[in-house]
Amino acid sequence: MEVNNNEVELDCIGALCPTPIIQLGKAIRDLPAGATIVLKADDPATQSDISAWARMTGNSVAAIAMHTYRVTKR
Amino acid sequence: MVTAGAFDGEHPLHPAGAEVLRAAFERGWARPDGLSAASAQSRHLLSSAREEIAAGLGVRTDEIEFWGEPALISPVAIMGASHFAHGTFIAGATERQEILAVGARAQSMATIPVSEIGLIDRDLLLEALESDSTVAIQAANIETGVRQNLADLAPLVGGLGAHLHLDFAAAGPLVKLPAYWSTADFPAKSWDGPAGLGIMVINANQRWANPLAINTTHRAPESFSLPLALAAAASLTGWLSDSAREAERIRSLITLMRTVIKQTIVDVDIAGSGDANQSLPHILSISILNVSGEELVAALAREGFAVASGSACVATAIEPSHVLRAMGQLTHGNIRISLMHAVAESEVKKFLALLPGIVDRLRMEAGS
Numbered sequence: 001m002e003v004n005n006n007e008v009e010l011d012c013i014g015a016l017c018p019t020p021i022i023q024l025g026k027a028i029r030d031l032p033a034g035a036t037i038v039l040k041a042d043d044p045a046t047q048s049d050i051s052a053w054a055r056m057t058g059n060s061v062a063a064i065a066m067h068t069y070r071v072t073k074r
Numbered sequence: 001m002v003t004a005g006a007f008d009g010e011h012p013l014h015p016a017g018a019e020v021l022r023a024a025f026e027r028g029w030a031r032p033d034g035l036s037a038a039s040a041q042s043r044h045l046l047s048s049a050r051e052e053i054a055a056g057l058g059v060r061t062d063e064i065e066f067w068g069e070p071a072l073i074s075p076v077a078i079m080g081a082s083h084f085a086h087g088t089f090i091a092g093a094t095e096r097q098e099i100l101a102v103g104a105r106a107q108s109m110a111t112i113p114v115s116e117i118g119l120i121d122r123d124l125l126l127e128a129l130e131s132d133s134t135v136a137i138q139a140a141n142i143e144t145g146v147r148q149n150l151a152d153l154a155p156l157v158g159g160l161g162a163h164l165h166l167d168f169a170a171a172g173p174l175v176k177l178p179a180y181w182s183t184a185d186f187p188a189k190s191w192d193g194p195a196g197l198g199i200m201v202i203n204a205n206q207r208w209a210n211p212l213a214i215n216t217t218h219r220a221p222e223s224f225s226l227p228l229a230l231a232a233a234a235s236l237t238g239w240l241s242d243s244a245r246e247a248e249r250i251r252s253l254i255t256l257m258r259t260v261i262k263q264t265i266v267d268v269d270i271a272g273s274g275d276a277n278q279s280l281p282h283i284l285s286i287s288i289l290n291v292s293g294e295e296l297v298a299a300l301a302r303e304g305f306a307v308a309s310g311s312a313c314v315a316t317a318i319e320p321s322h323v324l325r326a327m328g329q330l331t332h333g334n335i336r337i338s339l340m341h342a343v344a345e346s347e348v349k350k351f352l353a354l355l356p357g358i359v360d361r362l363r364m365e366a367g368s
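Top to bottom, those sequences are chains A and B.
Counted from 1, the first sequence has number 42 at position 42 by our numbering; the numbering is strictly sequential.
Counted from 1, the second sequence has number 267 at position 267 by our numbering; the numbering is strictly sequential.
These aren't lab readings, by the way, just hints derived from the structure by calculation.
For each residue, glycine too, the CB sits at the ideal point set by N, CA and C.
Just so you know, not all the hints are guaranteed correct.
Once the Cα atoms are required to be at most 20 Å apart in a straight line, the calculated EDC-like pairs of lysine to aspartate or glutamate come out as [unchecked claim]:
hint: 1; chain 1: A; residue 1: K26; chain 2: A; residue 2: D11
hint: 2; chain 1: B; residue 1: K350; chain 2: B; residue 2: D360
hint: 3; chain 1: A; residue 1: K26; chain 2: B; residue 2: D267
hint: 4; chain 1: A; residue 1: K40; chain 2: B; residue 2: E319
hint: 5; chain 1: B; residue 1: K176; chain 2: B; residue 2: E63
hint: 6; chain 1: A; residue 1: K73; chain 2: B; residue 2: D267
Computed spacing ranges between beta-carbons, pair by pair [claimed, not checked]:
hint: 7; chain 1: A; residue 1: R74; chain 2: B; residue 2: R258; range: 42 to 52 Å
hint: 8; chain 1: B; residue 1: S346; chain 2: A; residue 2: T68; range: 42 to 52 Å
hint: 9; chain 1: A; residue 1: T72; chain 2: B; residue 2: A4; range: 16 to 26 Å
hint: 10; chain 1: A; residue 1: K26; chain 2: B; residue 2: A55; range: 57 to 67 Å
In isolation and in its complexed conformation, chain B is listed as follows (with noise of 0.2 Å):
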C-alpha cells in the first residue's frame, strides 16, 4: 500500500492542519471586526496566524493578506502594480496558465523564452525591461521543480525600479524571497495547507492598488475562512519543521529517480539541471518516448501510485503542458513526481521496479 498522495502534486492535508481546523470552526466562527466577545477571540486567533504566517514566510506582518480564493492572487497583485496600466507586462514562459492570461490585459506583453534547463533568459529580460514594466517570474516551476535564479534575476528589475511579482505556489517557503521584489503569491497548498487559502505578500515599500472595486479602506476582499486561515499557518509551522527534517532525504530519493530513470529506460528525457541551486527538492518531471501519458498514469494508479501528467490526451488537456514545450521536453508519455514529507525510501524503490516493465510492455502494446 503506497502512501495516499505520496508521489502527487496534491498531498492531504498536514496532520498540524487538521488538528486546528476542527477546534478553529468551534473557537473561531466569528468575524474578526465585530464587537462582541467571540469577535475579539476571533481577532486574536487572526493576530497570531498573520504572525505565525509572517515569521514563516519571512515577511513583516502588516505585507500579509489573507485571501480565500488564492487562484486570484497573482493576477490581482500584477494588475495593481502601479504601472500596470501602461506599462509592459513581462513573463517567463513557464509561468502559470493564470498568470500568463493577464497579459490579455496590459498594453502589452513580452514572454521571456527560457532555456533546454527551464532558466529564463536573463539577455532577453534585460532588453525587455523598462522602469514601468511589471514583471512576473516564479519562483520555481509547479511542473518541473525548476527554480529561477532569483538572487540573479531580481535586482535586474529592481536596479530600475519596475514592478516585480513572484510566484511561490510551487516553492512555498522553501525559497526565500530575494532583496528586490514587489509582491508575491503562497497558495497555503503549497505548504501542505488548506486549499480555499492563500497569501498575498504587499511589499511595504512599493506602491500598490487593489485593481478590484472593494471597499477602498482593504487591500484585499477579506472574505477569507478565519479556520482555513489558522490552520493554514499551523500546517505551515508543521511542514516547515518537517521540511528542516526531511528536505535533503527528499532531494536524494529525486536524485535516486533521476539516476535509475534514465539508466533503466531509454529515451527519455527528465526536465532540469536536477542542480540543488536549480530546482525542487521534491518534484521530478520525466517524459518517455512512445508512450501515452494517459496509458501511463492509469497504469500507474492501478499499482497505486497516483501522478500527475503534462501530456495533453490525460485529462480535460487539449493542447500539451507549454511548459514542457518552452523547454523544448517530449510532452507526450509526460508524469510528474510530487514526493510528499512522508513518503519511504521503499514506496520510491517499488515505483523504480515497476516503471520499467510499465514502458516495456505500453510501448510493445503501442507497438513502436
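So here's chain A without its partners, still in its complex pose (with noise of 0.2 Å):
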C-alpha cells in the first residue's frame, strides 16, 4: 500500500477472489471519510465484486482504467 497525493494505491494485481476485496476493506477502515484509494487489481471476479462491494458498504466505486479503480470512502 503506497500513499501519494493523499491518495492510498493498492496493487493487488495477480490476487485471486475474494484477496482484493477484503485488502480493500481493509486499506478503507481506518481512512477518514471522502478519502480515496486507488486499487489495482486483475481478478475477474474483482470487476462485478467491486460494485457489490460498494452497494453494501456504502462506498462509491468508479473504473478509471482497466483494471483500476477508484474507490472513495462514505
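Join these two chains into a complex; the hints should help.
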C-alpha cells in the first residue's frame, strides 16, 4: 500500500478473489470520510464484486482504467 | 449425520426410480422397434413411460422425445427452430452457459439483461423481438431459483409467432408450461430422475426440424437407455407426489433460511426476491462478503453439509458465475443450497446454527 498525493494506492494485481476485496476493506477501514483509494486488481471477479461491495458498504467506486478503480470512502 | 444430498444441487435418484431400474434392465433390454417378443415388451414399457411422463409434464404423448444426452436438448431444440438460421437468437442473460453458447452459431444474438432480482427486462425483450426470432427463456434459474414470469413473457413471443424455447432444467414439473411455447427441455434430474436421460418437448402446433444429420423420419437419435426412461417415468410420478406433500414445507424452510441468515450474518447478498411467484420453493443462493467460497464450501463439508458454489475460486471455474454477475450480486463467498424433499427441519436448523460461526472464523482468518 502506497500513499501518493493523499491518495492511497493498493496493488492487488495477481491476487485471486476474494483477496482484493478483503484488502480493500482493510485499507479503507481507518481512512477518514471522503478519502480515496486507487485499487489495481485483475482478478475477473473483482470487476463485478467491487460494485456489489460498494452497494453493500455504502462507499463509491469508479473504474478509471483497465483493472483500476478509484474508491471513495463515504 | 446430515441426509446425503439434502442441501446439494444434485440429489440422489428418487427411490421409485431406483426400484424400477433393476427390473427394467431385466425386462426392457431389447430394442423397442424389433420384431421379437422381447422387443414387443420393450415397446409396451416405453409406451407406458411416455404416457406417464406426458401426464406428469402436462403435454401430449406425441410431443415427447427421449434423449440420452440431456445437455444436447436445449442447443438442438433451439437450432432446430424454423427461423434459427436467419433470424436473431434472443436469450436472457442468466440462461445456462450451454444455451448462451448457441449464440455463436446464430446469425446474430441479443442477450436480454435481468433486474437485480433476476427477472428478464420485459421492455428490452419486446424491443429485440421480431417474427423470425428464436427466443430461449428459463422457467427458473438453476443457481438462484429465480422464476421468470412466463405467463407475461410467452405471449410477447407468441404474438409475433416467434420460436419460444423454454428451459426447465431447474424448474422441472414445478412450473407449468405457459399458453404459448415451441420447444422445452426437461432433464430427468430436475425431478430427481436418473442422469443421462432428458425429455425434449416439441409443440405439435409448431414447425421444428432436427438440425443434426440423423435419420429424417425421427426427431431424436433414439439411442437413449430404455431402463433409464422407465426409471425417469417412475421417478417423476413419485417426485410429483412428494412435491404435492412437501413443497410448502420446503418453501417455509427456505424462507426461514433467508430470514435467519440476514439476521445472523452481516454483509450478505441473498439472490432474488424470495417471493413465492418469483422463486422455486427449494433453492437459495447466498453470497457472503469477505469470505472465500472455496473455504466456505470446505468448512461446511467438514460439518457434513455438501453445497455447491458459483464463486470463481471453487472447482474448475476461472470466471465467477455469470448469473450472479448479471444480477449485480456479489460473486465471492457464494453457496447454493437446493433442499431435497427428504430434508429434516432439524438439519436446516443445525446448518443455520453453524453458519455464522464458520463465517466469523473465515473472516477472522482472512484478516477482514
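Consistency of the hints with the structure:
1. Under the criterion of a C-alpha separation no larger than 20 Å, the hint pairing K26(A) with D11(A) is consistent with the structure, at around 13 Å.
2. Between K350(B) and D360(B) the CA atoms are separated by roughly 16 Å; this keeps the pair inside 20 Å, and the hint holds.
3. Restraint check for K26(A) and D267(B): the C-alpha separation of about 15 Å stays at or below 20 Å, so the hint holds.
4. With a C-alpha separation of about 18 Å, the suggested pair K40(A) and E319(B) falls inside the 20 Å cut-off, and the hint holds.
5. For the given pair, K176(B) sits about 15 Å from E63(B) by alpha-carbon distance, which is consistent with the 20 Å threshold.
6. Among the hinted pairs, K73(A) with D267(B) is consistent with the structure: their alpha-carbon atoms are about 17 Å apart, no more than 20 Å.
7. The supplied range of 42 to 52 Å is broken by R74(A) and R258(B), whose beta-carbon atoms lie about 27 Å from each other.
8. For the pair S346(B) and T68(A), the supplied restraint of 42 to 52 Å holds, since their beta-carbon distance comes to about 49 Å.
9. Checked against the given bound of 16 to 26 Å, the beta carbons of T72(A) and A4(B), roughly 48 Å apart, lie outside it.
10. In this structure the hint that K26(A) and A55(B) lie 57 to 67 Å apart at CB holds, the actual value being about 58 Å.
The structure fails to meet hints 7 and 9 from the earlier list, while all remaining hints are met.
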